[in-house]
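Top to bottom, those sequences are chains R and U.
Okay, so the first sequence: first residue is 0 according to our numbering, each after it adds one.
Okay, so the second sequence: first residue is 67 according to our numbering, each after it adds one.
If you're looking for bench data, these hints aren't it; they were derived computationally from the structure.
Virtual Cβ for every residue (Gly too), placed ideally from N, Cα, C.
Warning: the hint list may mix true and false statements.
Some chain U residues judged to face chain R by a derived CB distance under 10 Å, without partners named [said to hold, decoys possible]:
id	residue
1	R82
2	S131
3	S194
4	Q215
5	D218
6	G259
7	W291
8	E295
9	D297
10	R341
Here's the letter readout for the chains.
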Amino acid sequence: MTELWNVLLLQPMLNFLIVLSHVLFSSFGLAVIALTIIVRFIMLPFTLRQIRSTKAMTTLQPKLQEIQKKYAKDKQRMQQEVSKLYKEGGVNPLGCLWPMLIQLPIWIALYQSVLRALAASPEDLLHLSQNLYPLSIVHQAVPMGSGFLWLNLAIPDSFYIMPILVGGTMWIQQKMMTAPTTDPKQQSMSRTMLWMMPLMFAFFTMQFPTGLALFWLVSNIIGIVMQYFITGWGGLEVTVQRWKAILTRAPAPPTPAPVPLSPITETPGAPVPTTEEELAPQEARQEKRPEHGKSGSKRKDRRRRHRTRPKRARHSS
Amino acid sequence: MSEEGDTYDVLYVGTRGGKVFKGILSNDPKPHVALREWFPERGEPGFGAGVGGGFLSCAPPVPKSIYGTPFVYDGRVYIGTYDGKVYAIDAQEMTTEINGWAYPEKGDIGPIVGSPVVEDGVLYIGSSDGKLYALDAESGHEVWPQPFQTDDKIWATPAVHDGVVYIGSFDQNLYAIDAETGTENWRFETQGGIGSTPLIYNNTIYIGAFDSKFYAINLNGTEKWRFDEADSWFWVKAVVYDDIVIAGCLDHWVYALDAETGDKQWDFETLGQIRADPVIVGDLVIIGSKDDKVYALDAGTGEAAWPAPKTVDGHIRAPLFAGEDTVYVYTTAGTLYALDTDNGKKLWEQVTREP
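Between the sequences and the hints, there should be enough to build the whole structure, so can you do that?
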């Protein structure tokens, strides 16, 4: 099994990484960035599918919760209603799982390749030699130099910049993916996930060679960009608006209320919303409306006037 | 492994656990080994900083593994550790407190993988920071105005010959450096990193590289010949027997080449990578392979000299050491074997449990 894994996944990726390093000015850092981008690009169809499936599942959550609440005492009926809901919504509950499962071995192989290629100790280098193709370009490129920018890719970042970057980008990605909910359980879980994952990876970054942290960082950045183009800022919308407000000195938008549970008596068979507009939480849409309307602007103006008046009064006295 | 003794033989073994074992070999009343051990103080301030384990870092500190072979000189045992320190230990008392020193006193010089070599009272050692250091063997003070800098890690062991230090670097160059001043005389470029120690014989330097080629280089830095039939890296020091240079390779093969022309005299296949330096004992070349076997071959013909190769417990990565009619083998399982060179029979074994 190990042999099969090595031959099919690890060795091709490892050798490709080494060739990339040779081509990219003998820079292992650039090779890691390039390989992460390439792998991400190859995996794009699966990633898109996964994001869309997750998005569709999120949209059905309110209805799902309503069913669970309504048929809490009748498990069989609940199952039937849930299946019906999935069927009507055209959603496969495992739809977001299998693209992830397909990607998982690729990520593990990429992770192993980065770690193996660095070969920090004699044992690692000996192990690396067993996984190289008999190509002169490959053998000429190893052992690879581990310097990149201010970093030594073979050891943890002693300036702690990479842990901050990895943790920060992961937090942004997590925040973008977090959907508002009224369920206290889910809220608590989302909050835990939002902080746990970034902190965990920041901790790993302090433990592992920086080459691996570089892979996580690039992967996170690509993930953020992809997420932005598919779902927009998502859960980060409010934070972004606040920052915009701070930067432009405009009043910050109020925190949106969580999505209310939708009544399950909605027209059965209604299509699952797929566009960004359709998928945006109802409250968020409601909030946006007044900004475009006249009355909203008037209210804003009135608020501004109220705030500035006392200041002027203090100055004059 | 290194050996020194007056009325008895003493073996010094460095381990990956960061210990140096002193094995006193005695035949009275029967062959046995008495072990004493030394290990560096742990947890000193700033230990491993920059390599892991520094201030606020949650990373485990880099182990004080000893990959190189201890060098015994003038009553001291010298070693380099993977956490970037060079130590001089009193050979008798096994301590740095008396008669010993540590370099640098504070901080580290990057992981050391190669072995130290002492010549005319000067210790030479390379480090992963790409520098070759020359230290006074007595005091541990730097001898050159500054260490010799290469463009990549140095994991190889230097060789000193006629006032010149020869060292290979992962930057794919073999350097010839003036031993007195630390300045470069010349460099010879290969197409792969160099991790092995040069063999100097008959005014020629013999060395293999990670480009799967084995080179013979004149003392003025010009190429004499190269052997390019191997399929993997050369990462061991070659040995010489009767004008035949014998080198083990990670492609599992042992190659015997004519020292003058580079023509292949014989070859022999083992079932594993050859990473341990072989030794010559009498007319035999003894080889340890990653297949956990010790092979004894007729150095002139390449024919197997023992009825069967000797199987040991653990991989053989440490250089073999030749005694009189005895070869010492240390394995990754932490066992030291003494084998009879006549037939490969085990004379004794000592378990240290330190890989």
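Outcome of the hint check:
no.: 1; hint: R82; verdict: holds (9 Å)
no.: 2; hint: S131; verdict: holds (8 Å)
no.: 3; hint: S194; verdict: holds (9 Å)
no.: 4; hint: Q215; verdict: violated (14 Å)
no.: 5; hint: D218; verdict: holds (6 Å)
no.: 6; hint: G259; verdict: holds (5 Å)
no.: 7; hint: W291; verdict: violated (19 Å)
no.: 8; hint: E295; verdict: violated (13 Å)
no.: 9; hint: D297; verdict: holds (6 Å)
no.: 10; hint: R341; verdict: holds (6 Å)
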